[in-house]
Amino acid sequence: MTQAPIALAAAPSKPASRAPTARAWLRALLGSPVSALSVLWLVTVVVVSAFASLLAPDNPVQNNLSALLQGPSLHHLLGTDELGRDVLSRLMFGGATLLWGAAEATAVALLLGVPAGLLAGYSGKKADRLLTWVADLSFALPAFIIVVALAVIYPQNVVILMGALGVISAGGVLRFTRNLTRAVRDELYVDAARVAGLRRRQILLRHILPVIAPPLVVQAFVGMSVGLIVLASLSFLGLGTNPETPNWGQMIYDASQQITSDPWLLVPAGAALVLTVMALNFLGNSVRDLAPGTRQSGRARQPRLHGRAGRRDLPQAGAAGPAEPSQSSLLRVRDLVVAFPAPGPAGLQAVVDRVSFDVAAGETFGLVGESGCGKTMSVLAVPGLVPAPGVVSGGSILFDGIELIGASGRVLRGVRGNRIGFISQEPMTALDPSFTVGSQLREVLRRHGRISRRTARSRCCELLREVGIPDPVSTAKCFPHQVSGGMAQRIAIAMALSGEPDLLIADEPTTALDVTVQAEILDLLRGLSERRSMALLLVTHDLGVVADICDRVAVMYAGQIVEEGRAGEVLSDPKHPYTIGLLSSMPGPARAGTTLTAIPGAVPVPRDWPAWCRFEPRCARAAEECRVGPITLSGLGPGRLSRCVRVAELAGERGRAHD
Amino acid sequence: MALGRLVLAIPMLFVVATATFFLQQLVPGDPGSFILGNEASPAEIRQFDAGLGLNKPVLERYGSWLGRAIRGNLGMSWTSHSPVTQTLLAAAPITLSLTVLAIVVIVCLGVPLGTLAALHPGPVDRFFQAFAGFAIALPNFWLGVGLVLLLAVDARLFPATGYTSLSDPAQWLHALVLPVLALAFGMTMTLALQVRSAMIDVLARDYIRSLRAAGLSWRSVLFKHALRNCMAPVVTTIGFQLLGLLAGAVVIEQLFNLPGLGSVLLTGVTEHDVPLVQGAVLLFAVFVVAVNLLTDVAAAALNPRARGR
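Sequence lines, in order, name chains A and B.
FYI, in this note's numbering the residues of the first sequence are 1 to 659.
FYI, in this note's numbering the residues of the second sequence are 1001 to 1309.
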């Protein structure tokens, strides 16, 4: 509610993504060949059913005893049945009853369920509780059984039977509508409308109904398909039939009586029913993808890569630079390319573009950059955990002499946990919610050590104590949701340490935590790395973290390393405009009286990366020479690299700025 | 949560019981003329109605009926004149055999199929989805007739109709193969679709990555951790499917001539035997309540967050 005045000032409008346009609807309905075919089939069924008396070649109830059980012929395209009636004509007449019945049940369910659901979802507690209770009640009724039982009073009365089905189904629609309304009700623009003094009816009709309409349309399609099946089943049982108006369910029953003499009769009515139900279900699904808040599972993690055709091809040549030559490096990454599928001739779009770096044993190495610059993908490639559909499409990752790119699952499993530990950004989602902390830790421990349960239990407590958990025994019995974020991160660290790794990769280990907890976790990591002489590869966007714990640092921008060097040198004497920008947007070193500068714009998505200096569009110091072509990463001294052609000019400028 | 359901279950059974009782009031005309037919004299009809206690006030009859129903006495059938409870108890094992076997088939096939599809994006998954779309749209009675044609009439592998009691397990299973297949086919694919999307969702979670990064084998991550986390939504689906199976059983029992609860219901419906219909509906309602309770208890047990409270 507090945000309402702000929203008022900026005229309340629905986010574009929430209310699909008519064109989006049409695309969903006709976009793919299958959905276009579904629409075509349904339109055909409806039209044929409506005009059956004009279109049908024959009388559907006219017996012809001289033409019994004939197969398909020119005269009877789909053959004749056991009374010599034309199957095609019966089929054409047989859809209408089913469609009317299903439409009736759906309409009743929607007309009762939607208003009640809107009321329950929008109004206060009392109405909500009562209506939800009624919905739950109807939800627990055996709908089909009740409809069958009603046939004892209303035999073959389709209108009453399907009406009853609609009434019972209304509870489900009510609950569905209520949950949708609940979700929309607290949106900013609805708050704004309320503050602006719109009446409830107006808000419901203008602001809420349009948003919840698409999922309700899905519900209508589902309702139609359920209604068709129910009525066909009733007809098959002889409860929804009328010899004067044949329907497909009844035709299937008639056919089942002739299966020994004429199995063909099963096909026409069965196919008509199956195709209609399939078309309804399919359209329901394709419209559902339009609904707001739809979770498109499996796609969520894919970076935004689609868009204009692959204007940018795979890595540009000559972009790789020399990294610090190091004999003692534990991890040696060279020209690493991580790519995701993208439209266009290349079929792949690099998000990590020829990245090279080394991490020495025992060293703490930082990889810094804004979100979306490729730092997480770079480190996920090391233990072979780039999420599908991403692929490592080039380069080399040598860990202690073992090549990890293209290594077998066996080799990778040997390295993971044992030699390389990994902790991720979100501690609360990094632990399996279904198992206790202790059970997960012990499972990992037993995997590494082949130790007894007893040893595992004591090792588990030791580890938890080592990462600073005061009461390991009771913490081990907790489920992940029962511990705090800081605790969860400590547990995740304990899990990563269980195999006593030589390298710990930490992907933004403190980003999701409170400021005070952040410092504790950093201290813990520093302490662990010193005590165990374990190398640390730390991904962060926080230069303060780098200053605090890193020995060396590489700055990444748009999939490339743009600067590298000892942490102290890079922070005090940056050699790339991007690093300078990052440093000056930190609130810490800013001096009173100076404005806090931020880098204008945002990291471009991979398909918009320029073919020349990738930072040029955002760079205050850009010149003509920056736009000539790709910039190489060049050495400025031992272990000191920069990807800027104007390094010399930078030094002077930076000096002046410090005066 | 489960307790909430139990609280809901009692009024629900009460509502169903009341509704089934007043169902009788809706029968046009009086039951006597309905059952005895046009040839019966008015005196005979009055006597028949009095025999059923129909001359007493509605509310009085409702009270005594409800009182007896709670004690398990559902009255006498109007046509066979045997106790309804006895008829229902004789039929229940057949419906239970059918639904329990079907749910076993659905779970044993649906979970692996869905997992397989989730693990093979691309052509395998697309084929799976297309096939599932077809399977779900296929009416169980059409499939049943088709199976009878192929495997009972043509191949003579299984009997087309009939039921053998569990005292001869091999024959019992043999007789139930076709009905169970017809009943389970579409729902297997419904469950498989549900497992597929739950699995895709779970496999993209951070903890799967951290467990793999900690060195656990893919098999252990998949079968222990991923599957375990898929189970909560899947159990809810299984609950819904058990309810769907009860409805499907009515059709399948008729098709395969199995004397289960569905057949009792249909006999009652076609012969206007109201006590039989009332009893069958009540028993179905009891099953529905039991299944809902079991589902809620199982879902709660699978969710550590709910368990802690």
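It is possible that part of the hints are untrue.
Here are a few chain A residues that face chain B, going by a calculated C-beta distance under 7 Å [claimed, not checked]: (1) V159; (2) F236; (3) G417; (4) E426.
The calculated label-pair distances, taken between Cβ atoms and stated as ranges, are [claimed, not checked]: (5) A:I160 <-> B:N1257: 26 to 32 Å; (6) B:A1130 <-> A:L137: 36 to 42 Å; (7) B:L1116 <-> A:L398: 32 to 38 Å; (8) A:V411 <-> B:Q1129: 46 to 52 Å; (9) A:V46 <-> B:L1150: 29 to 35 Å; (10) B:P1169 <-> A:G406: 29 to 35 Å; (11) B:S1217 <-> A:G527: 28 to 34 Å; (12) B:I1010 <-> A:T245: 38 to 44 Å; (13) A:V159 <-> B:G1072: 32 to 38 Å; (14) A:V159 <-> B:P1169: 43 to 49 Å; (15) A:S396 <-> B:L1173: 28 to 34 Å.
FYI, nobody ran anything at the bench for these hints, they're computed from the structure.
Ideal Cβ placement from N, Cα and C applies to all residues, glycine included.
(message) The hint says 36 to 42 Å between A1130 of chain B and L137 of chain A; measuring C-beta to C-beta, is that right?
(response) Since A1130 of chain B and L137 of chain A have Cβ atoms about 38 Å apart, the given range 36 to 42 Å holds.
Take the shortest C-beta to C-beta distance between F236 of chain A and chain B; is it under 7 Å? With Cβ-Cβ at 5 Å, under 7 Å, it holds.
**Asked** Has the hinted range 29 to 35 Å been met by the Cβ atoms of P1169 of chain B and G406 of chain A?
**Response** Violated, since P1169 of chain B and G406 of chain A (Cβ atoms, about 54 Å apart) do not stay within the stated range.
Take the C-beta atom of V159 of chain A and the C-beta atom of P1169 of chain B, compute their distance, and say whether it sits inside 43 to 49 Å.
-> For P1169 of chain B against V159 of chain A, whose Cβ atoms are near 46 Å apart, the range 43 to 49 Å holds.
### C-beta pair I1010 of chain B, T245 of chain A: status relative to the range 38 to 44 Å that was hinted
holds, 43 Å
TODO: Grab the minimum C-beta distance from E426 of chain A to chain B and call the hint holds if it beats 7 Å, violated otherwise.
DONE: Since chain B brings a Cβ to about 6 Å from E426 of chain A, closer than 7 Å, the hint holds.
task: Mind checking the hinted window 28 to 34 Å against the Cβ distance between S1217 of chain B and G527 of chain A?
output: holds, 31 Å
Honestly, do V159 of chain A and G1072 of chain B meet the 32 to 38 Å range at C-beta? Given about 36 Å between the Cβ atoms, the range holds.
Review point. Is it true that the C-beta distance of V46 of chain A to L1150 of chain B lies inside 29 to 35 Å, as the hint says?
Key: holds, 33 Å
- Query: Holds or violated: is the Cβ of G417 of chain A closer than 7 Å to a Cβ in chain B?
  - Reply: holds, 3 Å
Range hint compliance [Cβ, L1116 of chain B to L398 of chain A, 32 to 38 Å]:
Between L1116 of chain B and L398 of chain A, where Cβ atoms are some 36 Å apart, the hint holds.
Original post:
At the C-beta level, are S396 of chain A and L1173 of chain B separated by a distance inside 28 to 34 Å?
Top reply: Given range 28 to 34 Å: violated, Cβ gap about 59 Å.
Of the numbered hints listed earlier, those contradicted by the structure are 1, 8, 10 and 15.
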